[in-house]
Amino acid sequence: MNIIFAVLFPIIGALIILSVKKSGIYVSIFVSMISFLTVLSVYPEIFNGEEINSSIRMIFDLHFFVDRVNFVMLLFISFLNILILVYSIKYIKKDNHGYYPSLLLAMGFTLGSFLSGDLLTFYIFFEMTTLFSFFLVMYRGTERARRAGFMYLIMCFMGGALILISAFIVYLQEGNYDMENLNGISSLLFLLGCLIKAGAFPLHFWLPEAHPVAPSPISALLSGIIIKIGLYGIVRFFMTHEVIHWITIIAIFSMVFGVILALFQNDIKRILAYSSISQIGYVLLGVNLPSMGIAGGTFHMINHAVFKSLLFLCMGAVIYSTGERNLKKLGGLYKKMPYTAITCIIASFAISGIPLFNGFASKAVIFDSLSSNILKSIFLFTGGGTFALFYKLNRDIFFGKLPDKLRSTEEAPKLMLFPMIIISAICVLIGVFPSTVFGTIYAGTFNFWSWNHFLEAFVSVIMGIFIFLYGEKAGIFDIKEYDTDRIYRRFTEITCSFCENINKIVSTDLNIYVLCVLLFFIFLYFL
Amino acid sequence: MDIIFIVIIPFFVSFILSLMRVFRRNIFFENFLSITGILIPFLVSVSTFSAVRSGEIITYNIGGWSPFLGITLKMDALSFFFSFLSLTLLILIMIYSLSRSPEYKILYLLMTGGMQGILLTRDIFNMYVFFEILSVTTYILIVSREKRSYKASFKYLTLGSIASVLFLLGTGIVYKTTGVLNIDIISSMNIPQLKITFLLFLTSLGIKSGIFPLHFWIPDAHSIAPPPVSAFLSGLVLKIGIYSMLRLFYTVFRTNFFEMNDVLIALGAITVIFGSLLALSQKNLKKMLAYSSINQIGIIFLALSFGTELGIMGGLYMILAHAVAKVCLFLCSGMIGDLNLLNLKSKPFVSIPFFIGAISMIGLPFTCGFIGKYYVCLAAVETSYTLYAGVILFTSIISAVYLLRASYYLFRTSEDYKIPYSMRIPVYITSSLCIILGILPLMISDIVELAAKTLGGIV
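These protein sequence lines are chains A and B, in that order. Residues 46 to 572 in my numbering are what the first sequence lists, from first letter to last. Residues 164 to 622 in my numbering are what the second sequence lists, from first letter to last.
Worth flagging that the hints you see were computed from the coordinates, not collected in a lab. Hints should not be assumed to be uniformly reliable.
Said to hold, decoys possible - If we take Cβ atoms under 10 Å as the criterion, some of the chain A residues that face chain B in the derived model are:
id : residue
1  : Leu217
2  : Leu401
3  : Phe568
4  : Tyr570
The model shown is predicted, which means the values in this text are computed figures rather than measured ones. Note that CB positions come from ideal geometry on N, CA and C, so glycine has one too.
Here chain A stands alone, though its shape is the one from the complex:
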């Protein structure tokens, strides 16, 4: 089957749901399965080392492209889509605001952006994904959700606008939209656009606002999959371009700040959102290195999609059962929710890079391709921070004393546990057999099980314990709010008040209107 159907089926499914006006969960699961099978059906061709090119003739040509790298991503993403939909059956109890249509549209367009073969196609799908995920972010409809949703919309559209301008510059220079023609100013604009979408450090502030306010399956989709669109653009960029040094700096800042800010948080979903920023840093660090690094970064990106969506689903289960998302008010849930606890711990091991889990493998590749000692120590520090963070998270949720309010907590429904268990199985499978996935991305061979890597993981864990103990002692975990989006807030406030003021100034007096006409005429005449 043509690969384009992987994109088309979810969109058609959404249209069907919209026209029949039923909640449409079965249709959604069905179309997402078909889309997964469509991706799977091109496996033989990809396995033989072929690349698939196809295009749709519209007013602009949409150009799709599949090779080994994005085939693996597509496979994981379309599979995760099914699981997220299955999870939603129980989680979204009553849907009257078009949950499934927007979810399907967002999923379909996301697959499209991973399929895109040139800049314009990438832009088109990028923009459409933003549009529909915007509605998903605002699904709860609270004041906070609306604020976050508009912040998300503005920032991501800004990223899209930058990408579009870079595409135009390339088009006027070369006459086509190929990504390898990006250079100079256009590559700067393109990278900035992608970095905004990916949530890298100075432009990350929308991410911890937007991801936690959405319902948990949506957070899983946003944090696990949709931010990877930006990263995918960057991966494709670096496949044909030289190393750029400022990206490394951004990567380091994202890694360190993301994890430090995450340690300050008490909202369980905010913690995960900040930790996404830190993990994005890893990927950026990886893809900005020569050949093996890119493969490592891509591998980490896939792994992050897997374990971060698992983490969000786990947190969703905790919120579903307890109705509580503050870390301070949770505790001792291990007995009450054993499956959630186990899957969450597996995901935490994966994200902290413990051997035999998938995070370990990709971190090992990135670690091996680092050359300077400074970078290596930063890498280890971030690893330690991540370990401390997830040690804290698991301890506060699942261990310790059970608060009285949560005595009657029950395990999440089976339909929610099922996707979580499958994803945690994937985590372990990739962790034990990393070369099955890594082999498709990277042509060479890589020894995952060398002592170096175990040592690296071990040092991270030790460092993590130290960070945790130090943090506990110094009390830095109790810093309440930490605003990093002041500039954005200030900017929007100024814009709003400016608009209001202009609106007041605009006169209703007819004399002024006529005067304006005359002044316009005279002004232009003497110009």
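Starting from the known structure of chain A, arrange chain B on it as the hints suggest.
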């Protein structure tokens, strides 16, 4: 049939309709007549399609007089584009407003005739006459039972009359310098025109189409007028001003806009920014849509001021997109009870077309608006005005904020009420046109390219 029927039939039918008021009202016959009054011109216009597409120009001299003395009607790609677009939308708006009074239909048909006259005539003075017909009918159509509407109409009347005076003055000066009024003959004579004539026409047509310091009548008139009237005012009447600018400036004043290219572009950019910022601060849905029209007119004006082929193409696509989407949005607004932005309520059959119109307005991919935005920005980057491409793209983010805000509220809260199908169908058609025109390369894109080619490359 000759192209004269495009202009004559609406006038004729409106005359018959006014005679019919003597007899008892027969609603079916009245509706039938008012639809055929636009349908026949539409069919005539469609029948010229293949000739126009092959680059032919269909000419009709009224009364058989020579072009030097008499009035000439001509149908070329540009006229066809505007005439086809406006007639299609006018039929849809007519279907939407079939339940209105017979006076409305009489004026509506008069307005249609005037509009088609402007689009076809090649005589500047004749253009002025048709402009008057168009304006006078719209002054009356704006007025409803509300008291505020008299005030809005009066504002429009005052500014519109100033525009007419300036237009007439410009026509006089052109006649004094050249001795003829036929646009084609003037453009072939190569007599340099005066800057003051250019400015007179610019100010006059600027008022009609709503360029920045001349736009003041738009928000009031568009927000207070009945929904179908706002729809064609915003979707079509503003574009007629733009059409006349295109026709006059690209043929009569073929002199690099008197070195005022940069000024015009800057003017367009100011209009874009001003419109979008003000739209953001509005609390009333229709007022917001009116300011968003100013925003879009700014983009169109900017695109046409580049003077390149790509720019004109972008401008024309933008006109197409804005006309279709704005008509859709205003017609939707007619089916919403409370127009306060925070209290919007609707059914899915309103909110989904509204959403589609909104995304076309923002210029998101797979809609017609994107094609327009694409070509305009490409033209801006091509003529190394990259900054203006940035302005357009970033104001489209602002318009995303205000339009999606409205559409978000529409999606969330629903209300139960009944709307007749004659009102729903035009909305469905316009909203699906927004998407179809953005995806499929239809015949209209050939016409746009042809029109851009015949005009372009002058500056």
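Hints and how they fare:
no.	hint	verdict
1	Leu217	holds (6 Å)
2	Leu401	violated (44 Å)
3	Phe568	holds (9 Å)
4	Tyr570	holds (6 Å)
In terms of the numbered hints stated before, the structure departs from hint 2 and from no other.
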